[in-house]
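Chain by chain, the residues run as shown.
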Amino acid sequence: EVQLVQSGAEVKKPGESLKISCKGSGYSFTHYWIAWVRQTPAKGLEWMGIIYPGDSDTRYSPSFQGQVTISADKSISTAYLQWGSLKASDTAMYYCARAPGGDYGPDQWGQGTLVTVSS
Amino acid sequence: QAVVTQEPSLTVSPGGTVTLTCDSTTGAVTSGHFPYWFQQKPGQAPRTLIYDTSNKHSWTPGRFSGSLLGGKAALTLSGAQPEDEAEYYCLLSYSGARVFGGGTKLTVL
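Sequences listed follow chains X and Y, in order. Numbering-wise, my numbering puts 87 at position 87 of the first sequence, and it's gapless, one number per residue. Numbering-wise, my numbering puts 84 at position 84 of the second sequence, and it's gapless, one number per residue.
In short, the hints are calculated from the structure, not lab data. We put the beta carbon where it would ideally sit given N, CA and C, even for glycine. Where hints are given, some of them may not hold.
[What the hints assert, rightly or not] Restricting the straight-line Cα-Cα distance to at most 27 Å, the calculated cross-link-like pairs of lysine-lysine (DSSO-like) are:
hint, chain 1, residue 1, chain 2, residue 2
1, Y, Lys72, X, Lys43
2, X, Lys43, Y, Lys41
3, X, Lys43, X, Lys13
4, X, Lys23, Y, Lys56
5, Y, Lys105, X, Lys43
6, X, Lys23, Y, Lys41
7, Y, Lys56, Y, Lys105
[Stated by the list, open to error] Here are the in silico distance ranges between beta carbons for each label pair:
hint, chain 1, residue 1, chain 2, residue 2, range
8, Y, Gln44, X, Gly102, 18 to 28 Å
9, X, Ser119, Y, Gly27, 37 to 47 Å
10, X, Tyr27, Y, Gln44, 39 to 49 Å
11, X, Gly102, Y, Ser31, 13 to 23 Å
Please construct the entire structure, taking both the sequences and the accompanying hints into account.
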């Protein structure tokens, strides 16, 4: 069974750093891409970027380029999304999702990680 | 950047048929936009129903189908069930850039 298990909810202050994770199992982690998607009540679903854990080829949506870093550690089948300095506007639910190709949409989704940034 | 639009809300009677659409500000939606459709229920992650316009996953109920209709991507639900009440999102690809629609809240009533 394909599973994407994300790390737990986080509460952070503005300016703090954060790295959330997404662990894949039940499939060959290095043969599929992992996408990150943000969801907020105001803007709905937003495509942030996608990474191929096999060679770390990473593609960012222009809106998120420079704002976050997507990475992966194939040795532990885990992808990451990180911020160097959080803002209140980063408060959102973040989903990872598996995609069969870099230009494909997702087929399987993680359960989501809620990130709250508040002073 | 392109904007992808969906009906904000639709209502369907149990057993009825409804079509949700997905439009693009850049012009007609084609198979080259590789339309995807997702279902999301409150408190849950999205679930992929349709990929590449009309292809279903093994878990996609047979009553859902995807197509292109009048220059838009379309998701048709035939024989609506109470459990189909959810938010539905489409996703279009623009030369690799991916843009979600704003979602349609479907009520089965």
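Right, here's what the structure says about each hint:
{"no.": "1", "hint": "Y:Lys72 - X:Lys43", "verdict": "holds (22 Å)"}
{"no.": "2", "hint": "X:Lys43 - Y:Lys41", "verdict": "holds (17 Å)"}
{"no.": "3", "hint": "X:Lys43 - X:Lys13", "verdict": "holds (22 Å)"}
{"no.": "4", "hint": "X:Lys23 - Y:Lys56", "verdict": "holds (25 Å)"}
{"no.": "5", "hint": "Y:Lys105 - X:Lys43", "verdict": "holds (15 Å)"}
{"no.": "6", "hint": "X:Lys23 - Y:Lys41", "verdict": "holds (23 Å)"}
{"no.": "7", "hint": "Y:Lys56 - Y:Lys105", "verdict": "holds (21 Å)"}
{"no.": "8", "hint": "Y:Gln44 - X:Gly102: 18 to 28 Å", "verdict": "holds (26 Å)"}
{"no.": "9", "hint": "X:Ser119 - Y:Gly27: 37 to 47 Å", "verdict": "holds (44 Å)"}
{"no.": "10", "hint": "X:Tyr27 - Y:Gln44: 39 to 49 Å", "verdict": "violated (21 Å)"}
{"no.": "11", "hint": "X:Gly102 - Y:Ser31: 13 to 23 Å", "verdict": "holds (18 Å)"}
Violation of the numbered hints given earlier is confined to hint 10; every other hint is satisfied by the structure.
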